[in-house]
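2 protein chains.
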Amino acid sequence: MEKIVIASASMTKFTDHYDKDIRHLASEVIASTTLPLNLSPKDIDALVIGSMASQLFTRQGNLGALIAQENYMYNASAFTVEAGEASGQAAVRAAYSLIKSGMHDYALVVGVEKVTDVLKLPKLQSIVGYVNMDSRYEVDMGLTLASMYAMMAKAHMKKFGTKREQIASVAVKNHFHGSLNPLAQYRNKLSVEKVLSSEIVASPLTLFDTCAAADGAAALLITTESKAKELTDEYVEIKASTLAHSPVRLADRENLYSIPSIKLAAEKAYEMANVTPDKIDVVEVHDSYTITEIIALEELGLFKRGEAGKATEEKQTYFNSSIPVNTSGGMKARGYPFGAAGVAQLVELYLQLLSKAGDRQVKDAELGLAQAVAGTGGTSVVHILSTV
Amino acid sequence: MEKIVIASASMTKFTDHYDKDIRHLASEVIASTTLPLNLSPKDIDALVIGSMASQLFTRQGNLGALIAQENYMYNASAFTVEAGEASGQAAVRAAYSLIKSGMHDYALVVGVEKVTDVLKLPKLQSIVGYVNMDSRYEVDMGLTLASMYAMMAKAHMKKFGTKREQIASVAVKNHFHGSLNPLAQYRNKLSVEKVLSSEIVASPLTLFDTCAAADGAAALLITTESKAKELTDEYVEIKASTLAHSPVRLADRENLYSIPSIKLAAEKAYEMANVTPDKIDVVEVHDSYTITEIIALEELGLFKRGEAGKATEEKQTYFNSSIPVNTSGGMKARGYPFGAAGVAQLVELYLQLLSKAGDRQVKDAELGLAQAVAGTGGTSVVHILSTV
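Residue numbers (this note's numbering), protein chains in the order written: chain A, 688 to 1075; chain B, 688 to 1075.
Mixed in with the good hints, there may be bad ones.
Copies of the same chain look alike in the list, so a pair counts if it fits in one copy or across any two.
When the alpha-carbon atoms are kept at most 25 Å apart in a straight line, the in silico PhoX-like pairs for lysine-lysine are as follows [as the list claims (entries may be wrong)]: (1) LYS876 / LYS950; (2) LYS955 / LYS729; (3) LYS1002 / LYS810; (4) LYS729 / LYS950; (5) LYS997 / LYS926; (6) LYS955 / LYS1050; (7) LYS955 / LYS914; (8) LYS707 / LYS881; (9) LYS950 / LYS841; (10) LYS916 / LYS690; (11) LYS1043 / LYS690; (12) LYS810 / LYS991; (13) LYS690 / LYS810; (14) LYS846 / LYS997; (15) LYS810 / LYS955; (16) LYS690 / LYS729; (17) LYS916 / LYS841; (18) LYS914 / LYS881; (19) LYS700 / LYS926; (20) LYS881 / LYS690.
Derived from the structure by calculation, the hints contain no laboratory data.
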């Protein structure tokens, strides 16, 4: 069976792009992903858009057709994949299947979100809730995503003795990585004290335990190894692409300190890639909240339950340490334009595995894992990439 | 290469389901599609949702996870595909690729839309516009989908001498077919006079040239022939699955009497299935407006340009005539719950090809074609099915 690979990858800076429509953000990464391979957008025969809520954020649906129009890609098969906050990586998986099926030669995945058209924070919060939570039994009952992650943080602290400072260390580490990434939204460093003393969003989580809104786009060109070789010497292999679920409703889970869908997707991914967690060199995980990263690292089997907080505090997850996590800066510092973020996680792994990650380069990275989640875990997607 | 088949298919009645949430509509067709094969939803490893605007209509995103939750399908890979009004058939195509790639054994496609939560017609119209048109350059400029199809009807009449009565004949024929379909929203017959004398929506189109809003769901189980054989003797083959685009903006087209994306998708489909248009026995086309069906029949090569109106008036497209079109009643009479409708088109072909279409059965139907479009043609999807 022929290898499926990523032959090109790029992203915009994640920030407030007040001057750009969603179509411009998408078109920018289509150009920056195809041009280095001397491909024209017209050569691309499949375009998969990962976008979480363009209909609500920007009053524009059918992004596939719109973005095809802007790039004259009338022969491409273009559609949008939505899976809440996991939309970006879910789109990667759909594109992977289009190549693996032999139906298409080149599948371009574009993760894109234009968020700053929605200026009011309460409206933004309610959109994120409606799209990722059970609207009827959670959002309409008054729950917010922040309040649920706050409960999960408390449960984790109680069950495992995880300390508040350990949770805050996630933000400190991801901002440090962001300071090394020219495309990151936030390049300032943070201290544990700064995180703890910032405004409380939902106790115990503060403002700096959360992500800010950002606009942005990221893209990957997925193809077969033989097609890639005609275009470039630089590509990475997609070894695994898996997706799984837990109950969307947090109240239906067995406990609050775990996210079963991450474990389920990860187990399938390790089996598909035929690797064990200890072989992974570089990791991008979902850090919509600091506690999310800690739970993710444990569900992925990279740390035992209850040990990821301590490991983070001990700097084991820095880019130059034993298990580099979110070397891009993560959603926290690189920025979090929902649908674009999952694709950007794979852009980071692509750069790391090709030794093109600059100041934050992980030494001898050969195997990378990316994980994204929707809401508190209704959907989880995992990808494992490797050098060839 | 193994055949990819539809091993089961079902739909709800398309109507106002005021008593049902979107999750209930979806769960109903999951049960009615899996139970006849003695499968449990838990046996299904991929769930592709086709939904046009659940975030806007029902304030609920990530339907994949929500519907997986309601049916305990935690191991399934579930996500939503959106391509405007073509979402249903675009979801079928994504599911087809999941099976063809070998990544999954059983892919369940669920097309679902809950529209009646949005009670006000102007709001419904603006949602349909935002999702299918170019929001910035069409909707925000004051255009509506109805006004654009009215211009297309006028252009067709001027270019080919198509008569107003011929266009109205589409509604008459589809209501006749609806009268034979127990699951159709409208089972009353119409006359040309009734269509012409009803309220003008956008001249020359009247109320009965358009579709009404409806709730509903439809589902297909897609698998390989060998897997299907383990479950049932009754299945049909997917011979072709194609998708193409025209400019979303009507103003960017060469003329107003054609929809290039339909022709593009159809040509690819005939090539993929290795058939010619004259071999097709039964057809389901997009008839969001009466004129849409006439243009679609011409773009599909089933009639020469300018001849579909006359053929419709001459009853050539009735279920017991030479080229049966929209035997289900079409969007006009069977009903049009956006994302569900494209899937329901394939449900109709499945029934026709297995000789299970009751009073509207087409004699000796062996090859069927379904076509759906988003807006005025930004996206078109075509499927060709055959008996095995």
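Against which earlier hints does the structure fall short, listed by number upward?
Numbers 1, 3, 5, 6, 8, 12, 13, 15, 17, 18, 19 and 20 - these are the hints that the structure violates, sorted from lowest upward.
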